[in-house]
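J.: Put together the whole structure using the sequences plus the hints.
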Amino acid sequence: DAGVTQSPTHLIKTRGQHVTLRCSPISGHKSVSWYQQVLGQGPQFIFQYYEKEERGRGNFPDRFSARQFPNYSSELNVNALLLGDSALYLCASSLVGREEAFFGQGTRLTVV
Amino acid sequence: RKEVEQDPGPFNVPEGATVAFNCTYSNSASQSFFWYRQDCRKEPKLLMSVYSSGNEDGRFTAQLNRASQYISLLIRDSKLSDSATYLCVVNHDYKLSFGAGTTVTVRA
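Top line first, the protein sequences correspond to chains A and B.
For the first sequence, my numbering assigns the number 8 to the initial residue and increments by one for each residue that follows.
For the second sequence, my numbering assigns the number 124 to the initial residue and increments by one for each residue that follows.
There is no bait here: all hints are sound.
Computed cross-link-like contacts, DSSO-like style, restricted to lysine-lysine with a CA-CA straight-line distance of at most 27 Å:
1. B:Lys165 to A:Lys37
2. B:Lys165 to A:Lys20
3. B:Lys125 to B:Lys165
4. B:Lys125 to B:Lys168
5. A:Lys37 to A:Lys59
6. B:Lys168 to A:Lys37
7. B:Lys168 to B:Lys202
8. B:Lys168 to A:Lys59
9. B:Lys165 to B:Lys202
In case anyone wonders, no lab produced these hints; they're calculated from the structure.
Nothing here was measured: the structure is a model prediction, and the numbers come from that model.
T.: Here's what the structure looks like:
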């Protein structure tokens, strides 16, 4: 079975641009969460979606938004990119959201 | 105060040694607990869930003390392949909170 897949794997953007990151969960998983990991820190929670509804949001500005589609895949959008948005963006899926989560390989975003 | 705090290490141990480290969490209403391992520039991978009664998975033993809000991980008979960063993770209301990780290096 395929695990969590994310695209693209690497991305370079310029300050002020917009980016869309994509995630496909493990088959049968209905919950998708997004995390940001900067070097030397643990992942930080951005959003969780379950059954296409936002269930939780971390301490991130409104420039960050996400959605979940009927097939449970998800997109993370970041507007007006800042240098500080450079990070590894991780998507995790789980059955309903309270149990073990499984991560994709991440999208490494560099803002220049 | 950080939600999950870990000793960053590094713990540098010889093959075959036992290494143990722990984390503390601040939210007493946290509902589930995990250890993940993360290799350099890779995604976190679930190592094991942690239960109040304590649990083992091969050479790995995890303990949870809800009263003290403390979680531990012990690795016996360390292998070179155990070299990684170990992330302590706490779940509260669908949100996973991660510690910054404990780096373990096993040397030959």
